[in-house]
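A.B. asks: Chain residues, written in single-letter form:
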Amino acid sequence: QKEVEQNSGPLSVPEGAIASLNCTYSDRGSQSFFWYRQYSGKSPELIMFIYSNGDKEDGRFTAQLNKASQYVSLLIRDSQPSDSATYLCAVSVNAGNMLTFGGGTRLMVKP
Amino acid sequence: DTAVSQTPKYLVTQMGNDKSIKCEQNLGHDTMYWYKQDSKKFLKIMFSYNNKELIINETVPNRFSPKSPDKAHLNLHINSLELGDSAVYFCASSPRTLDSPLHFGNGTRLTVT
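If you read the sequences in order, they're chains A and B. So for the first sequence, this note's numbering puts the first residue at 1070; every next one is plus one. So for the second sequence, this note's numbering puts the first residue at 78; every next one is plus one.
So that you can see chain B by itself, here it is in the shape it has in the complex (with noise of 0.2 Å):
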């Protein structure tokens, strides 16, 4: 199937750890993105990731850190977890073509205790 897939669906962990959330696409889409939804569903973007360009929505804190190995992966490296990280974080990709509709992961539910 050509999809979006995320992993894990579901991260439970303690305040402090690092933690990583893996996305990989096989669109062939050339652009991918991190969201985050809070609990009022408000979806924000976190980070665009095009052909080795990154742009980073600056009010992301520096704890988060995408790592993009190559064009269909695009992992999240959160540090120090706080209880305000928790939510549920969707990859998503589009292709390079300008404003193109986003594909988008199942989502991971990330809680914080």
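Chain A extracted, bound-state conformation (with noise of 0.2 Å):
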């Protein structure tokens, strides 16, 4: 069983749609959540972490974590196409700060 597990998609969403990407992750001491975006061919950038159970907003985007379903979630509002990347989520398994990522979802936001 992978550690962090994400549907692979593609995830089609139309502009100005909800777009929402899901992980699940196996291990119950998992302290820190993370979600990154990966342009084709560029390295992971840092949206948004979580540590909290519940929801955190930033902009049109909301990461959401429920520890007792070891469930974590990003929800995009007003998708744009700009928005069209692999969207890695990534949690602390360990003490410290060795990140395990999923395989990432592929989120396609057609104009």
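Check before you lean on any hint, since a few could be wrong.
To be verified - In silico PhoX-like pairs for lysine-lysine, Cα to Cα no more than 25 Å straight-line: (1) B:Lys96 to B:Lys144; (2) A:Lys1111 to B:Lys96; (3) A:Lys1111 to A:Lys1179; (4) A:Lys1111 to B:Lys118; (5) B:Lys86 to A:Lys1136; (6) B:Lys113 to B:Lys86; (7) B:Lys113 to B:Lys144; (8) B:Lys117 to A:Lys1179; (9) B:Lys121 to A:Lys1111; (10) A:Lys1111 to B:Lys117; (11) B:Lys99 to B:Lys118; (12) B:Lys99 to A:Lys1111; (13) A:Lys1136 to A:Lys1125; (14) B:Lys148 to B:Lys99; (15) B:Lys144 to B:Lys129; (16) A:Lys1179 to B:Lys118; (17) B:Lys148 to B:Lys117; (18) B:Lys96 to B:Lys148; (19) B:Lys86 to B:Lys148; (20) B:Lys148 to B:Lys118; (21) B:Lys129 to B:Lys113; (22) A:Lys1136 to B:Lys144; (23) A:Lys1111 to B:Lys129; (24) B:Lys113 to B:Lys96.
Said to hold, decoys possible - Beyond 10 Å from chain A on every Cβ pair, some chain B residues (computed): (25) Leu88; (26) Lys96; (27) Lys118; (28) Leu131; (29) Glu135; (30) Thr136; (31) Pro143; (32) Ser145; (33) Glu159; (34) Gly184.
Worth flagging that the hints you see were computed from the coordinates, not collected in a lab. Note that CB positions come from ideal geometry on N, CA and C, so glycine has one too.
Bring the two chains, given one by one in their own frames, into a single complex with the hints.
C.D. replies: Written as structure tokens, this is what we have:
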């Protein structure tokens, strides 16, 4: 069983819609959760991080964490074609900063 | 510019050769990492290096060796390159603060022929 799992997609949404990206993790001791965006041929860039159960909003992005269900999600409101990228979920499964990444979900936002 | 920089950006070499990838960060971070991203886009941790403490992912072959001359540099040396080593290698850094986000370099695309 993979430690961090994501649907590889592609997830296709029309411009202006809400994109919902999901991630599950296996280690109940995980404390920190990160969402990175990676454009083709580029390096991952941090979008959001969340440590506590509930929702965390930053502009058009909302991260949701449910530790009981071992589930973290990213909502992108008013999706734009420029949001088209691969979104990587990362979890800190050890004490320290050894992040474990999911395989990523490819998002396509169609004009 | 404050950043994590790695060189070269592209590296093409033949099987059996030895090569190095260099990484430098000027963010003042205490911890540096090497990640490997394969053709399926899976990012896997290879090494973490903090204050001379090296944490190795046990699945990494011992042909791979990180070298850190100082806190701002973490180079990756690869011996006896194999076809399966072809991937994009990312250097990253983070503050010593527990569970801080990673800052990635731009990656080195290694192709072994």
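A.B. asks: Need the list of violated hint numbers for this structure, in ascending order.
C.D. replies: 5, 17, 20, 22, 23, 27, 34
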